[in-house]
Each structure stands twice: as structure tokens, then as C-alpha cells.
Amino acid sequence: MVNIKINDIDLAVEENTTILQAARKLNINIPTLCHLSLHVANEKNHNSSCRICIVEVAGRRNLVPACSTYCQEGMDIKTHSLRVINARRTILELLLSDHPLECVTCDKNGVCILQNLAQKYGITDNPYKGELSKDNTEEGSIIKRNNAKCILCGACETVCSKVQTVSILGHRGRGFKTTIGPAFELSLENTPCTFCGQCVSVCPTGALTQTSSIGKVWKLLSDKTKHVVVQVAPAVRVALGELFDRPLGEVVTGKMVASLRRIGFEKVFDTDFAADVTVLEESHELLERLKEKKNLPILTSCCPGWINFIEHQFPDLVSIPSSCKSPHEMFGSLVKSYYAEKMGWDPKDIVVVSIMPCLAKKYEANRKELSQDGLKDVDYVLTTRELGKMIKEAGLNFNDLPDEDFDSPLGESSGAGVIFGSSGGVIEAALRQIQYDLTGEVKNIEFTNLHSLDGVKISEVDIAGNHLRIACASGLGNARYLLELIKSKKDHFDAIEIMACPGGCVSGGGQPFHKRKLSKTIVKARRDGLLSEDRNKSIRISSLNQQVNTLYKEYIGEIGGERAHKLLHTVFFSKEDE
Amino acid sequence: MADNQEKISANYKALDQFIEDNNYSSHDLIAVLHEAQRLFTYLPEEVQRHIAKKLSIPVSKVYGVVSFYSFFTMNKKGRFVINVCLGTACFVRGSDKILAEFEEQLGIKCGETTEDGKYTLTSLRCVGACGLAPVVQVNGKTYGNATVETVKEILAEYQEQ
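If you're matching them up, the sequences are chains A and B in order. Read left to right, the first sequence gives residues 85 to 662 (our numbering). Read left to right, the second sequence gives residues -15 to 145 (our numbering).
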């Protein structure tokens, strides 16, 4: 143990504790900007580049950064002496000297850490005025990059290279002209970027934001010739509440449905319905492959970030993911075929909007192969954050809204569809289904060892004489680890679930910003929300969803049959880098 | 053209040999880039991608290093590389004016290459020959005590080549 003193309070800490960690134990708040702890992925960005966390240590000539200075015996630390406060103010003034002061129109207005600190330290009149870095901005169709707002903290680079191991973003150039972005100044769309959006999640300023479709959706909502139908992914309902000051992880399904209806969507449906369809198709595929004992393991295909990853990084393995479309794409094609027929609507007049916790879904919706007769399965994807904005723009008092139910029939779902939003959920849903299909009952409804927040989970189950070796990975670095095992034949699995974001969709790139801390507390709370929603469902097995059965009886026919393949399955491509 | 292709593949072969001799170590990235630039005279995107693949490191990292150090260049160099020293000794004796004269005569800016691919004009900081200041080097050949007037003479030497 090391004995130190912070602001005259004695404290004993373990060795290798930073001053920042020690101060947090005493509830002393030291501001941070570049420092980033990704608790879920066990990864840190602590390059001490911003210096905002500097503190005074008695006997030391210079102020030291609290995030990367370790406590030593007898240290006497002051975290807010006049010298510290003045230095922090100067640092902020310098950071703002080349920062565009357009906060009011910035996408991160209100959630920007730099803005927040400037406010806290009362920066109202900046004596420093510098040149802005104007180059290398990119208005992509999914992610917007504005290097003038970048403070070079490197958090995006850390998450891109260390957590996701795709290493698209990196430092370029030197000195004042340093920028962060893809090599050769390419646009993200011309790189193997997976659009997982984790860089957007961790960016402290408005340098990385999403490209919004809110304007287009509002316009369509006022177009009386269109039927604008909305569907919501499972992970949205356990995070949306955070934008309206509700407790972490609270399930706000009812209020969410009510707000969507009031915004003006003609039908409010649940992606979980399509998740149930996915379970039927995917577990059917797994059973077929198990029977033939070939092309194993089957990999889940609901995560578009992960699909982008395998297409680029493991082009020789694109034949092993399940050919199922992701649930929201299945949903889109069902609305424009089955539901259109039911309602007597012309598919051309239907607009499908997906509310997703994800940025990669925006990319996915634009894939050419995900369309029927020239009509996209899904027309627009909005993130959880964008939905929050729309609710506010519509002037709705979210917290006062009544709880309402999804519309029928595409609004009904089993608990198996709900847990898709959290790492381990897709495979758990499939295991329930396989048990039911093979034995006619479900003894193990929950596979609790698949619920943990570990990046890689391996589990073995016996179902009706079949011994199955199952793995789950969340975070693309972990996905890479499993794929290398498969490629080198060092391990055998029968089924693998992969989610691009650490913890699954609950921590997706489109979820509410959380001071960039992808901490276990947040992810756990959101996951627990989904688990409780599952437990509260009267039906927890996909094939018991009556509306899904009706769909197959009335329209699709056989699971894995011809029509199912036309509407619910897709193909993946090897995209070896040029 | 065929000659050119042959030369390029010979360069790649030599580069691969160099990488192999260094046991494909990613720690030797800078040495590999030096060698690559010596062979190709510059570091185009394809060469950087090739190096990234060979060393199993992300291309963003390779580009990060290339764009960081002013020594590395992604611009193809001319057959004759004119270096004007802008080190302190040369500078106080008017090498900036010499550089300006080269720019004027060649119709390019410092760092650029003439359209015919003949000359590249660059500057450097001190070649360690301050006694000869101001110094100009062309493909390693040193011209001491240069003046604005000698610029024409230096260029004349290469006119026929």
C-alpha cells in the first residue's frame, strides 16, 4: 500500500494506482478529456495529451497529469489549487483557440465534454485566437468527420485499433497540421471501416458525429401519400430513457411506442417480431448443418458491423455466417410484401424507418442486395440518439406519456427476440428454439453463462443427444480472436454469435452518449433491462409467437423454403482490399 | 514502359528481401521505409500498402509514419533532385533567394517536380558543408558558394541529359 494525501485527506492506495483513480476513491472530481477507460473492453486511452487533469504535487516543479502519474509514498497532492485552476483554464483557452465556436449548431451541443469543461471553468472571453484546421473534413453518408473540432485525444484511434482491431483511424502528419483519419486521406467509405460507430461514441467533441436522417423522415411523415412505418430494435428501449433523465437501463418500451405514434408514424412495430423470424430461420439452418456435419460453425449474421468486418478481414470465410438477413432487414422486406398485401398498400408508397442503437445499420440499409424489385427493404435508419432528438423536436413530454403497445401483427414478439440486443442473446434464443424443436419442451430457458459481459464466452450444451460447443464474441478484436481459431482449426465450435460492439447492441454506436465511459455499469444496466423484459414476456420461445406462425402459414410457407430465401436471406461478399 | 515495369518489380523484390532479412519485424518499419524510398525514390500508396501487408501492421500506421517525417515523400521525384540548403549558414548568405531563383527558372514550387519528370526541387537543413555556404546539391553533387547567377549555370549542366 502507498500512503498519500489528496487535498489534506489521508489515503492509502494500492501500488500502481494513478492519482486520478485515487482521487475518485475520495469522490474528488478531476476533469479529464483525452482519458478514456473502456471498462467493457479492458482498454484504456491514456496518452496524457490534453493535460486538463493536471494537479500539483508538493516538491515537484511542474504540474503533473493525474491520469498517468502513479501515486508514490508520501505524495502530497492538491487537485484545485489556484495554480492548478489557472493552468487548467489556460489549457482550455488554448484548446479552444483553434476550435470552431459553433456550439449552437454542433451535433454534440450539450453532450460535448470540451463545451462542458469550458462552462465549468468559466471560459467566456478567450485571449488566444488561432488558425483553425479546416482540412480533411468528411461528410460521409454514415459518419461525419470534422477535424477542426478534433482535439487529437486519440480516443477514436484507440477504440478503432485496440478494441476493434480494424485500425482505420490514425494520426496523420505532424505538428499543428496533425489530423486523425484514414490513411491517404481517404474517406471512410473507401476503407474497410465497419461503421461500428464506436469512434463516434468515444469522441469527446463534435469531431466525429453521425450523419442524420431526421430531416428526411420528418418530410416523409408529412407526406400524405406515404405509409411511414417504424420498427424499433430491442436495445433502444433500455437506453432511450437515459435521454430523458430516467434511470440507467430502465425499460421504456411503452413510452417509446407512445412517442413514435405521436410523432406521426402510421404503424409502430417491433424489430423483435423479425428477430423471432430470424431465430426460426437461423436455428433451422444450424440444425441442417449439424445434420450434414458440414460448414460448421455457423456464425450469426444480425450485426452489420460484424458482417462488414468479415467481408473485409476474413474474405475466405464469408461462406460460414448464416445467410439470414439481419432482423430489421427481414422486417423491411416483410412489410413491403406480406404486410403490403394484407393492407392493400402499394409497396412503392411504404417507407420503412428503423430505430437502431447502431450506425452500421445505416450502412446496411444502403446495401444493394437488400432490396426487392428496386425498393430498399429499409428506407431510413435513425439511431437511439436521433429518436431522442425527434421526441424533443416534437415537443413531447416523454416522461408524462402513457405506456402503449406496439401495433399488431408485426409488433408481437417472444422474449427470445428481446434478448437479441445483448451479447449472448441471439445464440440463447437459438438454443431455446433448438431444444423446443428437438425435444418438444424447453428445460433450460436461460443460459446464464452467456449473460456475462466478458468479451469472449465459450459454453457447451447437450440438447437431445447433440453436444454443442458454443461461443460468443462481442467487440471486433474478440471476433478476430475467434475467427483466427477457426481459420487455424485450433478449436472447434458449432455455433458462434458475434456482435461488433463490446457487450452487444446495448453499447452500440448509436446509443446515448455517456461521457465516453463504456463502463460495465452502463452496459450491465441496459442488459439487465433486456433480461427483465424477456422474463416478463408470456412467450419466451420464438416459434410460439402466434403472429409469426400466421406469417409462415399465410405467406412464407416452409422455414428455409423458397419464399423464405427470397425475402429473409441474403449473400455476403469477399472484399479483399484492393 | 516494359523497362519501367521490370524495374518496379525488381524494386519490390529487393524490398521484400530487405524485409525478410529483418525477419519481418514491424519494429523496423522506419528502416524498411528508408529502403523503400531509396529503391522507388518515393513512397506511393501501393508501396505503403505492400509494406503494411508484409509487416502485418495496419496501413494507417505506415501512413502515419510516412506523413509524420518530412524525409519521406509520396511525390514521385524527378531524375535530378535539386536540394537547396536552408540551414543557418546558407540562409544568412542568401540561399532563400537561390531557392526562389530555382523556383522561377523551373516554374515549380519547392517540393514539386517539373511536368516532364526531370527536376525535383527540395530544400534541406544543413549538409555539414557550411564553409561552402550557400550550398546546392544535385543528385548528391555539391555546388558551393552558389549565387542567384550560378543557378542558370547549374541547370545548364543538366540541360542535355
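Careful, some of the hints might be misleading.
Computed cross-link-like contacts, DSS-like style, restricted to lysine-lysine with a CA-CA straight-line distance of at most 27 Å [stated by the list, open to error]:
1. A/Lys228 to B/Lys38
2. B/Lys38 to A/Lys571
3. A/Lys228 to A/Lys246
4. A/Lys246 to B/Lys(-9)
5. A/Lys246 to B/Lys38
6. A/Lys303 to A/Lys426
7. A/Lys310 to A/Lys300
8. B/Lys37 to A/Lys246
9. A/Lys574 to B/Lys38
10. B/Lys102 to B/Lys(-9)
11. A/Lys128 to B/Lys60
12. B/Lys(-9) to A/Lys261
13. A/Lys109 to A/Lys261
14. A/Lys573 to B/Lys102
15. B/Lys93 to A/Lys261
Don't read these hints as lab results, they were simulated from the structure. None of the values given here were measured: they were computed from a predicted structure.
Each hint, compared with the structure:
no. : hint                  : result
1   : A/Lys228 to B/Lys38   : violated, 32 Å
2   : B/Lys38 to A/Lys571   : holds, 20 Å
3   : A/Lys228 to A/Lys246  : holds, 22 Å
4   : A/Lys246 to B/Lys(-9) : violated, 38 Å
5   : A/Lys246 to B/Lys38   : holds, 20 Å
6   : A/Lys303 to A/Lys426  : holds, 26 Å
7   : A/Lys310 to A/Lys300  : holds, 13 Å
8   : B/Lys37 to A/Lys246   : holds, 18 Å
9   : A/Lys574 to B/Lys38   : holds, 24 Å
10  : B/Lys102 to B/Lys(-9) : holds, 18 Å
11  : A/Lys128 to B/Lys60   : violated, 39 Å
12  : B/Lys(-9) to A/Lys261 : violated, 35 Å
13  : A/Lys109 to A/Lys261  : violated, 39 Å
14  : A/Lys573 to B/Lys102  : violated, 54 Å
15  : B/Lys93 to A/Lys261   : holds, 20 Å
Against the hints set out earlier in the document, violations occur for numbers 1, 4, 11, 12, 13 and 14.
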